[in-house]
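Q: Chains as they are written, first to last, in this note's numbering: chain W, 1 to 219; chain D, 1 to 304; chain S, 1 to 225.
Possibly wrong hints are sitting among the right ones.
[To be verified] With a straight-line Cα cutoff of 30 angstroms, these simulated DSSO-like cross-link-like pairs (lysine-lysine) come out: (1) W:K156 x W:K121; (2) S:K217 x S:K120; (3) S:K120 x S:K221; (4) D:K63 x D:K304; (5) D:K196 x W:K156; (6) D:K304 x D:K268; (7) W:K156 x S:K217; (8) D:K63 x D:K190; (9) S:K11 x S:K120; (10) D:K304 x W:K182; (11) W:K121 x W:K47; (12) S:K120 x W:K156; (13) D:K190 x D:K304; (14) D:K101 x D:K196; (15) D:K254 x D:K190; (16) D:K190 x W:K182; (17) W:K182 x D:K196; (18) S:K218 x W:K47; (19) D:K254 x D:K196; (20) D:K196 x D:K63; (21) D:K63 x D:K268; (22) W:K47 x S:K120; (23) D:K254 x D:K304; (24) D:K254 x D:K268; (25) S:K217 x W:K47.
[Said to hold, decoys possible] Here chain D is said to cover these stretches of chain W; the calculated rule only asks that three of the stretch's residues, wherever they fall, bring their Cβ under 8 angstroms from a Cβ of chain D: (26) 135 to 141; (27) 159 to 171.
Hints were generated in silico from the structure; no laboratory data involved.
Glycine included, each C-beta is placed from N, C-alpha and C at the ideal position.
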Amino acid sequence: MNRDVIVEYVPLYVEALGRTVHIGLVGILGAILLGLGSSLILYFQVKGFRRLTRAYIELFRNTPLLVQLFFLYFGLPKLGLRITADFCGMLGLALIGGSYMAETFRSGLEAVDRIQFESAKSLGMSPWQTFFYVILPQAVSTSVPGFVANMIFLLKETSVFSAISVMDLMFTAKDLIGMEYKTMEALTLLVVFYLIMLLPVSVLGSLVERRVRYGSYGD
Amino acid sequence: MKRNLVQKIASVVAAGTLMMGALSGCGASNASVDSNESNATVESTDSSVTAESAGYRTLDEIKESGTINIGVFSDKSPFGYVDENGEYQGYDVYFAERIGKDLGVDINYVSTEAASRIEYLQTGKVDIILANFTVTEERAEEVDFALPYMNVALGVVSHDDNVVTSLDNFPEDEEIIVISGTTAETYLEKNYPNIKLQKYDAYAEAKTAFENRNAIAWANDNTEVIAFAIENEGYEVGIPSLGSADTIAPAVTKGNSSLLDWLNDEIKSIGAENFFHADYEATLLDTYGADYEDTLVVEGGEVK
Amino acid sequence: MDLMGIELLFKGQNFLRILGGLWVSVRISLISVAISIGLGLLVGALMTLRRPVVRAITRVYLEIVRIMPQMVLLFIVYFGTTRAFGIHMEAELAAIIVFVFWGTAEMGDLVRSALISIPKHQYESAKALGLSRAQTYRYIILPQTLRRLLPLSINLITRMIKTTSLVMMVGIVEVLKVTQQIIEANRRTSPNAAFGMFAVVFVIYFLVCWPISMLSKKLEKRWSE
Numbered sequence: 001m002n003r004d005v006i007v008e009y010v011p012l013y014v015e016a017l018g019r020t021v022h023i024g025l026v027g028i029l030g031a032i033l034l035g036l037g038s039s040l041i042l043y044f045q046v047k048g049f050r051r052l053t054r055a056y057i058e059l060f061r062n063t064p065l066l067v068q069l070f071f072l073y074f075g076l077p078k079l080g081l082r083i084t085a086d087f088c089g090m091l092g093l094a095l096i097g098g099s100y101m102a103e104t105f106r107s108g109l110e111a112v113d114r115i116q117f118e119s120a121k122s123l124g125m126s127p128w129q130t131f132f133y134v135i136l137p138q139a140v141s142t143s144v145p146g147f148v149a150n151m152i153f154l155l156k157e158t159s160v161f162s163a164i165s166v167m168d169l170m171f172t173a174k175d176l177i178g179m180e181y182k183t184m185e186a187l188t189l190l191v192v193f194y195l196i197m198l199l200p201v202s203v204l205g206s207l208v209e210r211r212v213r214y215g216s217y218g219d
Numbered sequence: 001m002k003r004n005l006v007q008k009i010a011s012v013v014a015a016g017t018l019m020m021g022a023l024s025g026c027g028a029s030n031a032s033v034d035s036n037e038s039n040a041t042v043e044s045t046d047s048s049v050t051a052e053s054a055g056y057r058t059l060d061e062i063k064e065s066g067t068i069n070i071g072v073f074s075d076k077s078p079f080g081y082v083d084e085n086g087e088y089q090g091y092d093v094y095f096a097e098r099i100g101k102d103l104g105v106d107i108n109y110v111s112t113e114a115a116s117r118i119e120y121l122q123t124g125k126v127d128i129i130l131a132n133f134t135v136t137e138e139r140a141e142e143v144d145f146a147l148p149y150m151n152v153a154l155g156v157v158s159h160d161d162n163v164v165t166s167l168d169n170f171p172e173d174e175e176i177i178v179i180s181g182t183t184a185e186t187y188l189e190k191n192y193p194n195i196k197l198q199k200y201d202a203y204a205e206a207k208t209a210f211e212n213r214n215a216i217a218w219a220n221d222n223t224e225v226i227a228f229a230i231e232n233e234g235y236e237v238g239i240p241s242l243g244s245a246d247t248i249a250p251a252v253t254k255g256n257s258s259l260l261d262w263l264n265d266e267i268k269s270i271g272a273e274n275f276f277h278a279d280y281e282a283t284l285l286d287t288y289g290a291d292y293e294d295t296l297v298v299e300g301g302e303v304k
Numbered sequence: 001m002d003l004m005g006i007e008l009l010f011k012g013q014n015f016l017r018i019l020g021g022l023w024v025s026v027r028i029s030l031i032s033v034a035i036s037i038g039l040g041l042l043v044g045a046l047m048t049l050r051r052p053v054v055r056a057i058t059r060v061y062l063e064i065v066r067i068m069p070q071m072v073l074l075f076i077v078y079f080g081t082t083r084a085f086g087i088h089m090e091a092e093l094a095a096i097i098v099f100v101f102w103g104t105a106e107m108g109d110l111v112r113s114a115l116i117s118i119p120k121h122q123y124e125s126a127k128a129l130g131l132s133r134a135q136t137y138r139y140i141i142l143p144q145t146l147r148r149l150l151p152l153s154i155n156l157i158t159r160m161i162k163t164t165s166l167v168m169m170v171g172i173v174e175v176l177k178v179t180q181q182i183i184e185a186n187r188r189t190s191p192n193a194a195f196g197m198f199a200v201v202f203v204i205y206f207l208v209c210w211p212i213s214m215l216s217k218k219l220e221k222r223w224s225e
């Protein structure tokens with residue numbers, strides 16, 4: 001392992017980390033919105049959309065992100081729909097993430113007894129009030145562990161973006177190996193930078209989980 | 001067979017240890033990386049020698065095993081690709097078949113990407129790389145090249161409604177597609193650092209992205225881009241020759257002299273029967289026509 | 001009519017080649033899951049021990065698996081170990097090592113939580129009935145644990161099959177790579193094949209993974225009651 005090589009490579013990895021995090025966060029934001037929307041459609045059994053939502057969730061949960069990206073990035077332009085690699089990464093992450101988040105949120109919602117709607121009604125609350133002030137807070141706290149797991153899963157999944165020419169961490173390592181043959185240096189930095197990206201998320205996630213569990217069980 | 005199994009188990013154990021070692025302990029990792037580094041710099045010369053002697057198979061070992069592992073492209077038509085029956089075909093493969101025949105061994109083709117070629121040789125995953133491998137000084141420090149069998153330079157192809165004829169003044173907001181680990185990538189990074197590159201692992205991916213207009217141009221070996229423009233409609237090679245005139249040659253793991261010598265003798269001896277001209281006519285004629293035969297083919301290892 | 005490349009499925013051996021590629025993926029997953037279950041039982045049992053050293057090691061191990069992308073592990077094993085030790089390793093073996101490394105952690109954690117979720121009174125009742133320690137495990141604890149584990153290990157199979165799409169990055173010719181080869185070989189005659197063929201791969205993965213995850217869900221529901 002050569003220290004000069006490492007020093008020379010670090011800026012490249014920092015740049016790649018920035019790009020990975022950027023795409024990852026936008027993708028995850030999209031996933032949360034998509035997941036929330038889908039879970040609400042399923043929870044309230046919105047007619048006409050329910051089946052479509054179910055199909056979307058099953059389709060994207062049961063196929064690999066890499067295949068989804070290949071289809072979106074290489075296949076769709078044949079129909080005239082061309083998108084940049086970075087955007088495709090965000091879109092792919094939002095789509096696969098949305099299907100995972102939907103399941104997490106839905107099971108969180110289902111865990112809250114529907115009888116609470118009636119109780120709230122007897123207290124004079126409207127259905128919307130009930131949903132936002134009674135059901136949702138409980139659902140969110142039960143969803144937290146799944147949500148954290150999904151976050152980590154999605155940030156890890158960014159590693160496949162390299163296949164569609166996104167210059168992320170993985171691609172940087174592969175490219176340096178291919179161009180300059182410094183395998184050990186490139187791989188070591190790859191591991192270090194993934195740790196920098198994911199260790200805080202993992203630790204923070206565990207803390208939040210503990211907090212929520214503490215909240216739900218009381219003292 | 002038995003030895004194989006033992007090796008496999010040993011490698012599983014070793015891999016596990018390394019993974020634990022390389023990854024374990026976030027707090028401790030700094031320290032361990034440091035110590036690895038200092039060790040490595042001291043012994044780098046000897047360790048590379050020992051690693052390599054274990055990393056390749058000599059000519060006799062290959063013959064004894066009855067199979068040679070040859071790394072070729074599986075998605076770079078017409079040089080190395082797989083046809084609809086799952087058979088490897090192309091200019092490189094035609095030569096590989098001859099090597100297998102003259103050595104009297106079976107061939108195990110290993111599908112490679114451009115960026116993995118050196119790695120595959122250095123880790124002994126293949127005995128020979130026959131994947132349109134351009135000879136460069138940097139690469140020659142890592143692997144041993146045999147005599148050349150083809151001429152090559154770089155070229156740039158574009159869509160015919162927006163032909164790029166020069167890389168000076170290349171539009172700032174546009175990108176050029178390259179394949180990771182090719183000479184085109186190295187050349188452009190070095191000589192045109194301001195041009196944005198869009199990099200792919202595999203030929204199939206790069207070509208599809210180029211077709212889809214994800215970039216206005218694609219830089220690669222000129223043989224490859226010329227073939228692409230001829231085979232597909234709507235493209236023009238605006239820059240047919242870029243950089244220095246280079247050659248393409250088989251490569252073996254550094255230090256594998258028995259195999260290297262055999263390959264050089266082979267290239268010379270089949271040159272006497274004009275083997276590579278026959279190879280061209282069998283695999284490239286359909287694409288390039290007869291005009292390129294003398295410019296492309298290197299016979300008997302002698303560049304004119 | 002432009003079939004967007006779907007017609008290539010029926011050209012030559014293409015369809016069989018795709019199925020062959022699929023088999024490579026499925027084989028890697030099945031072997032890995034089988035080994036992971038075995039090792040996972042062991043690791044899971046280890047994890048219930050209250051030894052600090054064991055706990056620290058398994059904790060670090062689980063955390064690595066939790067946060068390192070499989071692709072990174074794959075590169076480390078495939079390129080890193082061979083570089084570091086000069087051993088030649090088949091790509092498929094490298095893939096199985098990574099999958100087992102990952103699967104064992106997940107199974108181990110599941111086994112651990114399944115084991116500790118069995119109420120203490122069952123051990124005590126068994127003892128009261130005069131069952132030996134081995135008998136208790138054989139007839140009481142293991143059947144319940146396995147029942148809890150089965151749906152989850154089936155679920156692990158689908159996740160592994162999905163993750164096998166990554167192995168093309170280390171040169172294993174599986175479904176996705178075969179598809180690329182087909183697109184490449186027919187670029188001139190079927191220029192739009194990238195759409196049709198990648199759609200086919202999409203559907204194939206779905207057809208393989210969906211029934212398995214349905215089965216896992218069903219078993220989970222039935223046995224949790």
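Q: Hint by hint, which ones does this structure get wrong, listed from lowest number up?
A: Of the numbered hints given earlier, those the structure breaks are 1, 4, 8, 9, 10, 12, 14, 19, 20, 22, 26, listed in rising order.
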